[in-house]
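Kindly generate the complete structure, drawing on both the sequences and the hints.
Quick mapping for you: the protein sequence lines, in order, are chains A and B.
Take 26 as the starting number for the first sequence in our numbering and just add one per residue.
Take 14 as the starting number for the second sequence in our numbering and just add one per residue.
No lab work stands behind these hints: they were computed from the structure.
Take these hints with a grain of salt, some might be off.
[As the list claims (entries may be wrong)] Among the chain B residues that face chain A by a calculated CB cut under 7 Å, a handful are:
| no. | residue |
| --- | --- |
| 1 | A146 |
| 2 | F157 |
| 3 | L192 |
| 4 | L193 |
| 5 | I194 |
| 6 | E196 |
Here a beta-carbon is modelled for each residue, glycine too, at the ideal position from N, C-alpha and C.
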Amino acid sequence: MSRLPVWKPEGNVPESLHLPQEQTLPVMLTRRDEALGWFESKLSGALGWARANSLFQYPFVTACCGMEYMSVMAGRYDLARFGAEFPRFTPRQADLLMIVGTINVKQSPVLKRVYDQMCEPKWVMAFGVCASSGGFYDNYATLQGADRIIPVDVYVPGCPPRPEQVLDGLKILQEKIQSQRHQAHSVERAPDAPELEKKKTSFLGKLLAR
Amino acid sequence: MAQALIDLLRETHPDAVVSSHSHKGDEVAVVRREKLQEVCRFLKEDPRADLKLLAQIAAVDLLTYSTESTGGAALASIEVPAYDLARKPAVEPRFQVAYNLGSVARKHRLRLRVELRSDDLKLPSVTGIWRTADWWERYVYDMFGVEFVGHPNLTRIMLYPEFVGFPLRKDYPVRKRQLLIPELDFPDLVRGPGPGPGGAGVPMSQTHVGRKNVDPTTYD
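So this is what it looks like as structure tokens:
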């Protein structure tokens, strides 16, 4: 699973300078918490495995990178080998939004709307330099990277990227999805409806009646 | 090749042609704005000219043409305009609008050019002569702000209606952005400081075009 070194969000701090997690958080472990933690880790692994290997994509193809996208999907490179089988042409059925090509300022409300229509959990891949940073279109009409308006999980550079790069980006994204941790007693925060806070527990929390 | 066309034009409309020259096989006739429609209609309908094809209408902004070593192009990495506009002498007439005409049957072509002062950016529309001029004139209006008097629907053709200014004019700030929805709030690490969003103290959230009747947080 740790095939590639993933950039750590806190930067490349050497291990010796890390604060031990146990000393920063007051933790009181009971047998029940231990069991729950074991259950959480197993369930997270299973959920991550299922989600990482059944990514339905929504191709938001706007430019020449679309040719390379077709190449990735077609026989020789075949993204389906890695679990990203189906392009779904409605955002409501998709997990992965692939932004393939240049995003204009005029187009950006449409992209934002497509992203908002996707169901959670959802991930975003910026395919090529134009979607990542605007590329060489540093002008009045072009959005300087899709991450200006929606959060992006993985950036695939290249103009256009080679299919191998896209496969690599997909593997990195799968690694991220696989390593996500699901908590049994997490509460979904709704800032405008605090009275719902106790009702909206996760699936596993309901299962364990917590 | 089309020197005969210019001779014909000078013969029939002696007061319309200001000057004419030939550049690398392309004949150019500079005509007066007041005579443009008359000249265009003559060139289309006269069987000796037969210029039934309007291939393009293009405009040029000469603001920095003679002063910049780049031939007038601004460098993309430099801030709002790369030159100090106040110190440069005003170039007048600042704009040129070119009409590229062609004849498929007679296999010749001609370019008409009109010079425009920046304080009077108006041209008579030729949509009544060539129907394709409709979109070309909207294009020139969109990019340079030239007003075509008599055009049936002179609105922006490529940019969105919220856009302010004319982007291909040389005094339009090179890195100015006019976004339609607010940007996420994060520093621009790639582009660095500059007048663009995220640089030089411009918050990302203040970089979109304000719409009058639409809540910017909803997009439906």
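Cross-check of the supplied hints:
A hinted interface residue such as B:A146 counts as satisfied when its beta carbon comes closer than 7 Å to some beta carbon of chain A; here the least separation is about 24 Å, so the hint is violated. The interface hint given for B:F157 is violated, since its Cβ lies 13 Å from the closest Cβ of chain A, which is over the 7 Å cut-off. A distance limit of 7 Å between C-beta atoms decides the matter here; for B:L192 the minimum to chain A is near 6 Å, and the interface restraint holds. At about 5 Å, the closest approach between the beta carbon of B:L193 and any beta carbon in chain A falls short of 7 Å, and the interface hint on this residue holds.
Hint status for B:I194 relative to chain A: holds, with the closest Cβ pair at about 5 Å, below 7 Å. Hint status for B:E196 relative to chain A: holds, with the closest Cβ pair at about 5 Å, below 7 Å.
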